[in-house]
Amino acid sequence: MNKRHQLKFTLTIWPSVIFASLVALTVGGTSFIYSQNVAAENYRQVEATSEQVLTNYETYFSSAIEVSDIILARYANLDATAIHDDLPFYFDMIRELNPEILSISLYRSSDSYPLAKDSESYYEVGFQSEDWYVEPLHDHYINIFNSHPSSEDIPYSYTLSRYLANDIDSANEAVLKIDFDFGEIVENISPVDLGEGGRFLIYDSDYDLIYSSGRTMNEQALALTKELVIGIERVKLDGHNHYLYAMTIANTGWRVAIFTNADAIVAAVNNFILMICLLAIAAILLFVLVMMLVAGRIANPIRLLQREMSRVASLDYQANVDKFSGGNQEIADLYDSFEAMMARIKTLTADLVKEKEEQRKSELRALQNQINPHFLYNTLDSIIALIEAGQGEQAEKMIVALSRFFRLSISRGHNIIPLADELAHARNYLLIQKMRHGEAIDFEFVLPEERIDGYYVVKLILQPLIENSLVHGLKEDETTHIKVTVGFDESFLYLTVEDDGYGMKESKVEELRKRLLATHEYKGVGIKNVYDRLRVYYGEQADITIESEVEVGTKITIQIPKAKARVNDEAD
Amino acid sequence: MKRIKHLFLSLGAMLGLTGCSASPSQVPIFAYAEDDTFISSLLVELDRELQGYDHPIHYSNRDQNQQNSAILEEIDNGADCLLVNLVDRLSASAIIEKAYEEEIPCIFLNRRPLDDDLDPPEGGLFGTWVRQHCFYVGSYPGYEGEKQAEIADTYFQAQGGFARSPIDRNGDGVVQVAIIKGEQGHQDAEERSSACLQGLKNRGYAVEAVASVYANWEKGKAKEMAASLPFEDIELVFSNNDDMALGVAEYLEENEPDLFLPIIGVDGTAAGKAAVEDGTLIGTVVNDAPKQAKIIAELVSHLLDGTPLPVGNESFLIESNYYYSMGNIVSSDF
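Quick mapping for you: the protein sequence lines, in order, are chains A and B.
Just add 57 to wherever you are in the first sequence, counting from 1, and you've got the numbering used here.
Just add 1236 to wherever you are in the second sequence, counting from 1, and you've got the numbering used here.
These are calculated hints, taken from the structure and not from any lab test.
Among the clues, some could well be false.
For lysine to any residue, the following SDA-like pairs were computed, each having C-alpha atoms within a straight-line distance of at most 25 Å [what the hints assert, rightly or not]:
(1) A:Lys283 / B:Trp1365
(2) B:Lys1455 / A:Ile127
(3) A:Lys621 / A:Gly511
(4) A:Lys283 / B:Glu1555
(5) B:Lys1437 / A:Arg165
(6) A:Lys293 / B:Glu1358
(7) A:Lys540 / A:Gln451
(8) B:Lys1437 / A:Asp136
(9) A:Lys283 / B:Glu1358
(10) B:Lys1437 / A:Asp196
(11) B:Lys1437 / A:Gly511
(12) A:Lys283 / B:Thr1364
(13) A:Lys283 / B:Glu1490
Covered by chain A, per the in silico footprint, the following chain B stretches (three or more residues, Cβ under 8 Å) [claimed, not checked]:
(14) 1328 to 1337
(15) 1366 to 1373
(16) 1394 to 1408
(17) 1424 to 1431
The beta-carbon is built from N, C-alpha and C at its ideal position, and this holds for glycine as well.
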């Protein structure tokens, strides 16, 4: 059996599902667009801020490179004398103009010979394999930046070194070394307020850290930077969301990375999404509620109608739909039609019952008319014989009995007669038979102690059973006793006709029982006739039981529902 | 952001909106500046050679930061190969790393990355990838200077040798040279300058560099700087390019009409060639933009379509993933 849903459920669920899908789609779309917009906006902001920081650094470094540029330009045209005599003063002047410069010195590239320095610093020694000296010799056209390890006095410093050509005498080609103090610069132009875990990093192309504003997690920060190389991206550092901006610092070979904490943005986006989701859920719930109400208004009258209809199925036509007056025009029309229909069904049913009753009565009449007419002829013959034999008294008795017998048979045309009358009828019949058969039969009536008036039965039901005993049970040369018994129990009235005649074989009894239940008529079988009439009048509860044993006798019992035996529906 | 963009792009491709095979490969070009004569001529040649590809040009206005941004943007747009004319040679390492991360091959033009950049010492996956997918195409360092020396030598020999010729005005047998540099410390300028002096020395001449000035590669600036040159002591002028050579020639024509100085340029621009024709310059060396553009196109085709690598010849030198053009001499009949 496939499961069918209630109308109310169907009316509620589908619009709700569609509405919920639409809402979900809208919420999803809005959230996506909003978070994208916020992300894009922040991306632009972070990019702009980071680029500004980078520009500041590039401006600073280009001023450092400018120093090396003017020395390079000047040195290209200096002869040996000028190098020796003028350059130290020139260096001093540059240092005066650039207080962050710690020292300036110059070494001949062919033999590392110190050529010139400013007056306050010292020449380096043993530097031939150091990066600041080797790298300019390897590539003549770039500024080489090498950071120094932190010292207490100068936490951040670096060397700018460069190859200097000399157009006057190529023997004077040299390596310039300028040391810069970097501390004040990073303090002043590094970005502040990058949020929790946010940091600013300077590192070289081998990802060796030169400066970081963060105290911890710098290894992890560098690893993330190495993945990105250059550009801007959202990353997670130490459990925090960050925008990572990484870029090269032009002309230095160094790079910067800026981690800007983005937790607040992520939280804002998440809050927005959470709120819009809650709103959506509330809207969906409200919608479902409203749909349930609307569906109820439509479905409840239909449910009521359905309930009333199901009463019809159980043969109760007392449907009443007045109880519910709400609902729409269509429902009201439906109710009106339903009521009209119920009224019509009620009338039709009543007619049908009446018709059935009439049919039953006419059937009954037809069945009763089947009483054997030979009995009348035989009795009249017996009376004639008695009169001829001069036994006028006996003949008179017999005529009286016959007269009563027939009066009861007719019973003014009634089908249902008092039980007492039926018993009187049986007694008159037996009297007549006794007179005919003399010593061959004897009979008695056994009545219960309680009164039998007030009980009614279908008439002429005992006589055929007695006739059966007389026809099949009479023994030769022996008196056959016939006993008619009336008995009660809780629910039934029992009428029994018993004889001690020949009795019947089991097979004969079986056949008789079968005939009782057969649908077609067996001519001349009185018991079948009685059985049919009982069934027509009393229904299934009425029954006839037959017990018989060869040489012992036969006992036939009529069973009638007590309640129905108390009713005389033909009473005026 | 970028991943999402990629996702949409690949979705689009899957839906057949932009069939990968149908749309041409993206080969963006990043030029360091818009106003460089040689770069402009190279771009014209590239435009011709890269007809089969989408090749938007980004000018970086001498700002490496701007160039980096343009490169990142094109990577996001799904670039298939990058042609980079660096602003800052030191930024090549970052661009190569990024190209490796995104697996986009990269050809550097005209400005050479550092030695380690195209041939990483650490090797491994990264090193192998770089050696297969990153190239440099440019002129051979100092080659033009060497060719300039060759022009001077040919010219002197046409005069029957330098010593005692009218060119050796002071008669000391030593060639007094003035050098007009593009920029101080600029690779091309320095390489050409030292190579032309060295080339003369190698050919057995005694050489004295009397003066060097730098004129920012510009004709006007060179004309202005020429005023400071001691022309009475100068017997030969090497200029790092034709523009500056013509600036000096113009100065001489206006201020020293009686003095004849042999001037040699580099680049072989249209104006330079015309000046050689009419004898204003005695010669110039072609910086071979068409040849470089052709090699670049062959490399792009190799990287994207798997065609064989270009083969070197006498006008093109190949050293691992460095490709150098060897320009021709343009000179008058002496």
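Hints, one by one, checked against the model:
1. A:Lys283 / B:Trp1365: holds (17 Å)
2. B:Lys1455 / A:Ile127: Cα-Cα ~22 Å, so holds.
3. A:Lys621 / A:Gly511: holds (11 Å)
4. A:Lys283 / B:Glu1555: With Cα atoms ~30 Å apart, Lys283 (chain A) and Glu1555 (chain B) exceed 25 Å; violated.
5. B:Lys1437 / A:Arg165: Roughly 22 Å between the alpha carbons, so the hint for Lys1437 (chain B) and Arg165 (chain A) holds.
6. A:Lys293 / B:Glu1358: Violated, at about 29 Å.
7. A:Lys540 / A:Gln451: Distance ~23 Å between Lys540 (chain A) and Gln451 (chain A) Cα, so the pair holds.
8. B:Lys1437 / A:Asp136: Judged against 25 Å, a Cα distance of about 20 Å means the pair holds.
9. A:Lys283 / B:Glu1358: holds (15 Å)
10. B:Lys1437 / A:Asp196: holds (23 Å)
11. B:Lys1437 / A:Gly511: violated (161 Å)
12. A:Lys283 / B:Thr1364: holds (18 Å)
13. A:Lys283 / B:Glu1490: violated (58 Å)
14. 1328 to 1337: Contact hint for the region 1328 to 1337 of chain B vs chain A: holds, 6 residues under 8 Å.
15. 1366 to 1373: It is violated, with 0 qualifying residues against the three required.
16. 1394 to 1408: violated (count 0)
17. 1424 to 1431: Since 3 is at least three, the answer is holds.
In this structure, the hints that do not hold are numbers 4, 6, 11, 13, 15, 16, in rising order.
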